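*Asks:* Could you build all of it, start to finish, from the sequences and the hints given here?
For the sequence shown, UniProt numbering gives the first residue as 1, with consecutive numbering after it.
Misleading hints may appear alongside valid ones.
[What the hints assert, rightly or not] Dumping the calculated DMTMM-like pairs for lysine to aspartate or glutamate here, alpha-carbon to alpha-carbon at most 20 Å:
no.	residue 1	residue 2
1	Lys322	Glu386
2	Lys60	Glu104
3	Lys287	Asp323
4	Lys430	Glu386
[Said to hold, decoys possible] Computed beta-carbon distance windows for the label pairs:
no.	residue 1	residue 2	range
5	Ser272	Glu26	26 to 36 Å
6	Pro348	His265	22 to 32 Å
7	Asp140	Asn246	43 to 53 Å
8	Leu286	Val174	21 to 31 Å
9	Asp148	Ala308	36 to 46 Å
10	Gly107	Thr305	40 to 50 Å
11	Asp267	Gly107	53 to 63 Å
Derived from the structure by calculation, the hints contain no laboratory data.
Predicted, not measured: the structure shown is a model, and the values here were computed from it.
Even for Gly, the Cβ is constructed at its ideal location relative to N, Cα and C.
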Amino acid sequence: MSLQISLVNNISQIGSQAWHALFGSEHPFTRYEYLLALESSGACSAQTGWQPRHLIVIEKAAVTENPHSAAAKTDNILALMPLYEKHHSYGEYVFDWAWAEAYERHGLAYYPKLLCAVPFTPVTGTRLAMDSRLDVGQQDAVWTAVVDFLQQQIMTQGYSSWHYLFTNATQSAVLAQAHLTPPSQSQSNQAQRNQTQALQPQANSQASAIKGQPIARLGTQFHWFNRGYRQFDDFLQVMTSRKRKNIQKERAAISKFELSFEFIHGDNITSSQWRSFSLCYQQTYLKRSGHTGYLNSEFFQAIGTSMADAIRLLRVSDKAGKDIAYALYFASDSRLYGRYWGAFEDIPGLHFEACYYQGIEYAIAQGLSCFDAGAQGEHKVLRGFEPIETHSFHAIAHEGFKGAIEDFCQQERRNMQIYMAEQAKNLPYKNSQ
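*Replies:* Take a look at the structure:
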């Protein structure tokens, strides 16, 4: 199998047919439509520090005696990966700001870096999608070629590192065993090594730093799991009395405002509702973060048109029918994802109702097995969301910093395991006490 790997600067150069053939449409955030909307709306571009560098693995077809015959056709796409050249660390949710600051203190450039991820979307999933017809040996060959290619990009194109975020269990296992080999030395690499002697690396430490496995990093999120509940009260009944009453009290407080909650399927969302949601999202982001968010109305309108089947928009209105808040959800056949929300009015407890309890009710009604309400938020634990592991992998070019970052990630892993165990003890369920 003769492989060729290349990078393209926008996903349209790959096309929807080729992308869907490998990634499918089950996972909303690696759908062609979603990633295309990020680019076409300007959210992902060189100007925003998210330059697409999507990776394509092609099997080069043998050239027949008649190059115009059907048998001469063609290059076969074996694997695809969403990849970006990053010039900052915003919108990633695996935080490496401290690493960048350490580089800067030593006169080194941490950016640009290569990032395999879904922009602004901390959701676990497939990152390298392969042709399902490949056998195990062929899959291994593709993985080896991709890792080697990324290593070459680091050493020859001036990237400090490559990062692989929110990997699923299968791909995490592969990356944990991936073998990094040192590519040939380049002038750009030599120039970087000569920038500083502050860390005093050993003369041969470059080769030893590149060899081995990528650095594994452990994180956590909080997900809700459907244990066969038929209605919301079934979910409450598996809680301790005190925790159950706390949730009932929160929901009763919201009910006094006499608000209406309506899930609107993507096919039925009007342009006016998309505009209202976008404004709501941007205003809320501005209050919280000082900017209007990573996404714009063009993005939301685009996905509303191109992937309506995966979208559920929760509209919150008052008795007069006035918009109070919105929450944007995505759904697959088995999972619900809560992503973005905003409120025109500050109502105590509305965020919990719109972004957690309404999502749980919807997941139960639709028979969905899991509800992922977004990154972080240990306040979710008391509302029934369980700590789960997230995984990322990092390959660092600089020999001195690689060791320091690896030590940091090992200590962070130990602390994260302790933290997750403590949070599990705080779950409101009777069998967790």
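*Asks:* For Asp148 and Ala308, compare the CB-CB distance with the range 36 to 46 Å and indicate the outcome.
*Replies:* 40 Å, holds
*Asks:* Hey, Lys60 versus Glu104, does the alpha-carbon distance stay inside 20 Å?
*Replies:* Not satisfied, since the Cα-Cα distance of roughly 42 Å exceeds 20 Å.
*Asks:* Mind checking the alpha carbons of Lys287 and Asp323 for me, to see if they're no more than 20 Å apart?
*Replies:* 18 Å, holds
*Asks:* So does Pro348 sit 22 to 32 Å from His265, Cβ to Cβ?
*Replies:* 29 Å, holds
*Asks:* Would the pair Lys430 and Glu386 pass a check requiring their Cα atoms to be no farther apart than 20 Å?
*Replies:* Roughly 14 Å separates the two Cα atoms, so the pair holds.
*Asks:* Taking the beta carbons of Leu286 and Val174, is their distance inside 21 to 31 Å?
*Replies:* At roughly 41 Å between Cβ atoms, Val174 and Leu286 fall outside 21 to 31 Å, so the hint is violated.
*Asks:* Would you check the hint for Lys322 and Glu386, treating anything up to 20 Å between C-alpha atoms as holding?
*Replies:* 35 Å, violated
*Asks:* Quick check on a hinted range of 40 to 50 Å for Gly107 and Thr305, using CB atoms only.
*Replies:* Holds, at about 48 Å.
*Asks:* Has the hinted range 43 to 53 Å been met by the Cβ atoms of Asp140 and Asn246?
*Replies:* 50 Å, holds
*Asks:* Note whether the CB distance of Ser272 and Glu26 lies within 26 to 36 Å or breaks it.
*Replies:* With Cβ atoms ~30 Å apart, the hint holds.
*Asks:* Go ahead and decide if the range 53 to 63 Å is satisfied by the Cβ distance of Asp267 to Gly107.
*Replies:* 55 Å, holds
Checked against the numbered hints given earlier, this structure breaks hints 1, 2, 8; the rest are met.
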